[in-house]
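Novice: Given next are the chains, with one letter for each unit.
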Amino acid sequence: MAKRFFGRSFSWAWLACIPLALVIVATWNTAAHAQEDAITPENVQFVLDNIWVLIAAILVIFMNAGFGMLETGFCRQKNAVNILSKNLIVFALATLSFWAIGFGLMFNEATPVLGLGNFFLSGLSADEPYAGNLTAPVFFLFQAAFAGTAATIVSGAVAERIKFVDFIIFSILLTAISYPITGHWVWSGNGWLGALPTGGFSDFAGSTVVHSVGGWAALCGAAILGPRIGKYQDGQINAIPGHNMSIATLGCLILWIGWFGFNPGSELAADAAVPYIAVTTNLSAAAGGVAATFTAWMMSGKPDLSMIINGILAGLVGITAGCAGVGFFGAVIIGLISGVLVVFSVGFFDSIKIDDPVGAVSVHLVCGMWGTLAVGLFDTSAGLFYGGGIGQLISQVIGIVAIGLFTVVFSSIVWTILKSAFGLRVSAEEELKGLDIGEHGMEAYSGFLKDTSDMGGVA
Amino acid sequence: MAKRFFGRSFSWAWLACIPLALVIVATWNTAAHAQEDAITPENVQFVLDNIWVLIAAILVIFMNAGFGMLETGFCRQKNAVNILSKNLIVFALATLSFWAIGFGLMFNEATPVLGLGNFFLSGLSADEPYAGNLTAPVFFLFQAAFAGTAATIVSGAVAERIKFVDFIIFSILLTAISYPITGHWVWSGNGWLGALPTGGFSDFAGSTVVHSVGGWAALCGAAILGPRIGKYQDGQINAIPGHNMSIATLGCLILWIGWFGFNPGSELAADAAVPYIAVTTNLSAAAGGVAATFTAWMMSGKPDLSMIINGILAGLVGITAGCAGVGFFGAVIIGLISGVLVVFSVGFFDSIKIDDPVGAVSVHLVCGMWGTLAVGLFDTSAGLFYGGGIGQLISQVIGIVAIGLFTVVFSSIVWTILKSAFGLRVSAEEELKGLDIGEHGMEAYSGFLKDTSDMGGVA
Amino acid sequence: MAKRFFGRSFSWAWLACIPLALVIVATWNTAAHAQEDAITPENVQFVLDNIWVLIAAILVIFMNAGFGMLETGFCRQKNAVNILSKNLIVFALATLSFWAIGFGLMFNEATPVLGLGNFFLSGLSADEPYAGNLTAPVFFLFQAAFAGTAATIVSGAVAERIKFVDFIIFSILLTAISYPITGHWVWSGNGWLGALPTGGFSDFAGSTVVHSVGGWAALCGAAILGPRIGKYQDGQINAIPGHNMSIATLGCLILWIGWFGFNPGSELAADAAVPYIAVTTNLSAAAGGVAATFTAWMMSGKPDLSMIINGILAGLVGITAGCAGVGFFGAVIIGLISGVLVVFSVGFFDSIKIDDPVGAVSVHLVCGMWGTLAVGLFDTSAGLFYGGGIGQLISQVIGIVAIGLFTVVFSSIVWTILKSAFGLRVSAEEELKGLDIGEHGMEAYSGFLKDTSDMGGVA
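Same order as they appear, the protein sequences are chains A, B and C. So the first sequence is numbered by UniProt numbering: it starts at 1 and just counts up by one. So the second sequence is numbered by UniProt numbering: it starts at 1 and just counts up by one. So the third sequence is numbered by UniProt numbering: it starts at 1 and just counts up by one.
No lab work stands behind these hints, which were simulated from the structure alone. From a predicted model like this one, the values you see are computed outputs, not experimental measurements. The beta carbon of each residue, even a glycine, is placed where N, CA and C say it ideally should be. Just so you know, not all the hints are guaranteed correct.
FRET-style restraints, in silico, Cβ to Cβ [to be verified]:
#1 GLY441(B) with VAL401(A): 37 to 45 Å
#2 GLY226(C) with GLY235(B): 26 to 34 Å
#3 VAL401(B) with GLU128(C): 52 to 60 Å
#4 GLU429(B) with MET299(C): 34 to 42 Å
#5 THR416(A) with ILE352(C): 46 to 54 Å
#6 SER300(C) with GLY441(B): 40 to 48 Å
#7 ASN238(A) with GLY226(C): 26 to 34 Å
#8 PHE344(B) with VAL409(C): 42 to 50 Å
#9 SER420(A) with ILE394(C): 39 to 47 Å
#10 SER351(A) with GLU429(B): 44 to 52 Å
#11 ILE394(C) with GLY123(A): 33 to 41 Å
#12 GLY132(C) with ALA110(B): 21 to 29 Å
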């Protein structure tokens with residue numbers, strides 16, 4: 001618990017260029033001492049910016065618990081260990097792959113298409129401003145949490161039938177390569193989508209950059225895997241109820257508060273806009289939850305808890321692109337439409353026999369695209385409904401299409417290679433018996449008696 | 001992820017008065033630019049105040065997960081989906097109704113009895129100081145989270161027998177009208193309870209304004225609904241054990257940390273008093289937990305987990321009014337008495353056949369009143385035991401009675417109207433079978449085998 | 001919700017020395033008013049330091065939920081209420097005993113071996129800087145949360161067979177006496193381990209001070225208690241699977257984010273090093289999780305969820321001592337080795353028939369010692385691999401041995417006294433039936449049908 005020093009070395013690679021390092025360290029020390037010794041308003045603001053975004057990053061990392069509980073609860077108990085394992089290891093993998101490769105591809109500014117340096121965070125100071133006032137460590141942690149989110153979204157859509165090893169490899173490649181490249185186009189200093197002639201593509205906190213990327217990858221995975229046994233049988237769509245609505249609801253509430261890191265943290269600074277963004281985010285979540293509840297209630301005659309949950313998440317995904325630029329009424333309208341959309345979207349994907357056990361594609365892809373378009377309509381300075389013309393809306397469409405195309409092509413290639421290398425899908429016997437025994441050799445709820453009627457007589 | 005602008009419009013209503021708006025916006029821009037451009041200590045403190053209260057608001061919003069898990073775990077599995085649905089949608093409803101109506105009734109200063117403006121946050125700046133240093137968005141979010149808490153308290157007491165639609169309508173009316181009006185009396189700039197001749201009614205973070213209001217509404221609901229089938233049968237009080245003590249305990253721990261937003265956040269600023277309040281809060285929670293544990297242990301011969309949980313919550317509710325004004329020993333005494341009170345209170349309400357499945361009335365109403373009175377005894381500047389005379393204690397009694405009366409009258413009227421409009425209670429058959437199937441058409445724990453002996457042979 | 005005042009009395013003892021107090025208060029008031037009235041950069045930094053460490057304390061307190069869910073999930077459902085009760089009450093007990101005695105023993109600087117004052121926080125100002133810029137309340141809350149962590153670690157290792165009363169008394173003594181004394185040696189201003197001639201013993205956030213202390217106490221308890229019935233039977237090591245992997249995984253993720261308070265908060269200030277510490281912490285956690293996953297996968301043929309969980313925790317414990325002083329590659333190596341160590345350690349303790357149901361000794365003691373040693377190897381300014389010589393490593397060994405010896409002697413004495421006073425272990429019949437019924441008279445999952453084959457025919 002002592003005061004820390006500056007110029008700590010970031011990697012052993014550094015040791016190889018000691019002379020250069022010494023010069024740099026010497027310079028840094030001077031600057032840093034000057035900065036640290038005097039307590040100026042600028043320095044306090046610098047620290048406040050970094051501490052706030054660190055707290056936001058912690059909230060986003062907490063979303064791993066939210067996704068884990070949500071996706072596990074929405075699936076069957078015989079696959080719970082498998083889903084928990086995927087959702088737990090995925091943030092560990094994302095952290096390492098984004099540190100090694102992803103961050104450099106995404107934020108190094110070598111080219112407008114992808115970055116070509118700063119791998120392993122090499123060449124970046126530990127405590128000097130790097131992105132605005134943010135130091136490289138805090139900016140990295142926040143962005144790594146975002147990368148992990150994109151991968152976690154995939155987990156739900158491919159649940160209950162994918163082999164563990166395939167998911168692991170896909171997650172590494174998504175967070176190391178695909179997500180960073182498309183992210184570079186929007187959020188790096190010189191990405192090509194940020195410089196469109198119709199106005200820069202605008203995605204404040206990632207409706208497209210994070211959520212629709214995860215959604216596209218999930219859709220490709222679910223499509224290539226095919227539906228779970230029994231889902232579309234005898235010409236019917238059979239509901240396969242989740243095993244634990246308590247943890248699913250807990251997951252939704254954790255995600256809700258995690259989003260207060262996701263969206264307001266994307267301001268990447270501590271200022272008066274941060275709480276404003278929290279309010280638009282909250283209004284849209286509330287509106288999405290209410291809209292989905294009543295839509296489902298009217299359609300099925302009963303308020304469906306899974307639709308309340310997905311409605312709230314839909315509202316959160318929908319407002320993510322525009323949370324900083326829309327007004328309160330705009331936020332409520334975006335949320336309401338998200339909540340209605342998600343109910344119909346779940347029905348739509350079932351009708352075309354894309355089996356997405358948790359509704360990840362409907363929440364993250366469909367509402368992610370809607371939210372990105374909504375910026376072109378409701379942004380108070382550039383939106384069509386606020387006198388901003390059609391330019392922003394065109395940019396939004398270009399961004400959605402470009403990022404979608406890249407992600408679909410990348411994902412399809414990877415899923416296809418994995419399919420031929422290992423096979424994507426567990427055996428029918430293992431699927432019936434549950435992936436927990438087959439893939440992990442354990443069960444999630446030892447000591448409880450279960451209904452084994454869906455285990456095909458093999459349990 | 002770009003810097004935000006000022007004077008963004010709050011609602012379409014604004015667009016109708018563009019000329020006026022332009023003048024205001026022009027003025028704001030000047031002031032705001034001046035404020036933003038220069039990094040002064042005052043500006044950094046302004047940002048710090050707003051960021052801290054935002055974080056506190058997030059912690060309070062997280063309490064929805066705490067209440068959700070606690071109340072669901074304390075009830076039976078056949079009603080879990082229903083309770084989860086109520087506790088999830090209630091914050092969405094509270095957000096929208098408090099935004100539309102409640103905030104204006106509570107904080108607009110038109111009259112000492114209720115506010116008459118600022119509905120939909122109209123007329124308030126997005127990033128200028130509004131309450132002390134807080135901007136309107138962050139102040140709104142914090143207060144909306146409080147309003148949601150009052151409504152959530154009701155959910156537990158009416159659980160396992162109320163119709164979903166009634167709870168929804170009651171929650172909207174409580175957060176839009178009743179809670180804001182009584183809250184106005186205490187926490188607005190000109191409420192009449194804040195100006196009593198015996199000294200202003202003092203309720204720092206809401207033992208009365210939030211918890212006893214929720215508790216009174218819960219008590220009225222539980223009384224009008226009547227007890228669950230089988231609770232008081234054959235002249236006996238039959239324990240109806242909860243179905244999931246793991247999530248109930250998790251809920252308690254989430255509420256514990258949520259209270260570190262609730263109480264310290266009520267300072268409404270970032271200063272050195274904030275951690276002091278966290279310590280009094282924590283000491284009282286600990287004392288409440290220990291006192292309830294040993295009281296229950298002595299009375300029943302065994303340490304009862306549900307009493308450990310309720311004792312901690314009792315200590316938290318008890319310290320809420322006085323957390324900023326009492327000393328550490330005062331906090332411990334308040335907590336100890338809260339912990340003893342809650343054990344006897346649970347027994348008392350059972351003895352008069354008020355069936356409150358989770359003990360919400362004992363925790364929030366009884367300990368809320370005790371905590372409010374305790375300010376008049378233990379406050380280091382105004383309390384009777386610290387030489388402050390009897391005046392503060394008299395003010396506390398007046399506030400408790402006035403707010404209690406209003407809430408009881410309002411709640412009774414609403415519950416009675418709802419009873420004649422829709423019926424409050426599900427059918428006996430549905431109650432036996434569980435509200436999950438009857439109200440929502442799904443079950444919480446699909447795939448597990450359950451004991452159906454309490455389902456009246458209808459499952 | 002009003003501005004707070006200074007010089008509020010901390011305890012009734014104060015009242016006995018009013019004349020002295022008046023002088024002190026008068027002086028404070030002057031200084032404090034000067035400080036409060038002017039908003040200077042120094043004052044804003046002061047508030048920021050305190051608010052940040054408060055938030056870190058809240059995250060550490062949240063770890064109680066993490067440990068509670070983890071340990072409960074890893075055990076059998078018939079003992080869930082017992083474990084939940086222990087993990088819930090332990091933080092209440094730790095708060096009160098650390099307030100009354102522990103804090104004074106640990107941080108009062110009377111002697112190099114233990115403190116002799118400031119009990120009940122007496123004699124400390126409520127809002128003046130006490131430790132660096134931190135006020136006594138926030139420093140106390142942060143440290144009380146740490147003390148609670150040490151006690152919570154014990155709970156898991158002694159689970160499923162210890163009497164509730166023994167655990168309670170042990171926890172009080174550990175947090176009031178043993179933990180504070182060894183902690184004083186390292187973290188007080190004048191502890192003897194901080195002044196070793198080979199260089200001060202370095203344990204930034206408590207790999208040894210917190211985790212190995214909890215681990216040693218846990219090891220002694222598990223050894224004296226003996227294994228659970230059936231664990232080592234017929235010459236075999238029988239797996240006793242946990243009952244709820246969902247909450248165990250949730251617990252791991254809560255602990256992960258709690259560690260972002262534990263380690264970065266140990267900077268005890270808000271500065272640019274804080275997010276750096278968060279990144280080393282996260283990298284080590286990720287590396288630990290990945291290493292344990294693949295080690296277990298290679299050894300058993302399947303990726304074991306409990307090893308993913310324990311690997312992440314191992315990485316977190318391992319980096320705790322060195323989080324502020326190692327580089328990113330150092331952090332990853334520390335985490336990788338932690339993840340491998342924990343897998344083999346779990347096997348080792350089973351081979352010597354120490355029954356630790358949740359792996360607490362392997363995670364907290366083994367990786368705590370490893371992480372403390374690692375400072376002597378990887379610290380960029382003092383570590384052997386970075387040209388710092390052997391001195392730091394020697395200091396680390398001395399600290400590990402001294403603290404370990406003290407804790408083992410203390411724990412063994414207390415466990416032995418408790419054994420002769422109350423008996424440590426529940427009866428065999430109660431153990432088979434489950435401690436929930438025997439110790440608490442209730443069950444955790446009422447309404448679900450359970451497999452009673454391990455209940456010895458008594459249920």
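Novice: All the hints need checking, so say for each whether the structure fits it.
Specialist: Hint by hint, here is what the structure shows:
Between GLY441(B) and VAL401(A) the C-beta distance comes to about 39 Å, which sits within the given range of 37 to 45 Å. Range check, GLY226(C) to GLY235(B): about 47 Å between beta-carbon atoms, so the 26 to 34 Å window is missed. Here the CB-CB span from VAL401(B) to GLU128(C) is close to 40 Å, at odds with the stated 52 to 60 Å. Between GLU429(B) and MET299(C) the CB atoms are about 55 Å apart, so this pair departs from the stated range of 34 to 42 Å.
Separated by about 50 Å at the C-beta atoms, THR416(A) and ILE352(C) satisfy the suggested range of 46 to 54 Å. In this structure the hint that SER300(C) and GLY441(B) lie 40 to 48 Å apart at CB holds, the actual value being about 42 Å. A beta carbon spacing of about 51 Å between ASN238(A) and GLY226(C) contradicts the range 26 to 34 Å that was offered as a hint. The given range of 42 to 50 Å is respected by PHE344(B) and VAL409(C), whose C-beta atoms sit roughly 43 Å from each other.
The hinted window of 39 to 47 Å between SER420(A) and ILE394(C) is violated, with their beta carbons roughly 56 Å apart. Against the hinted window of 44 to 52 Å, the Cβ-Cβ separation of SER351(A) and GLU429(B) comes to about 35 Å, which falls outside the hint. A C-beta distance of roughly 35 Å is found between ILE394(C) and GLY123(A), which places it inside the suggested range of 33 to 41 Å. The beta-carbon spacing between GLY132(C) and ALA110(B), approximately 47 Å, falls outside the hinted interval of 21 to 29 Å.
Hints 2, 3, 4, 7, 9, 10, 12 from the list above are not met by this structure, while the remaining hints are.
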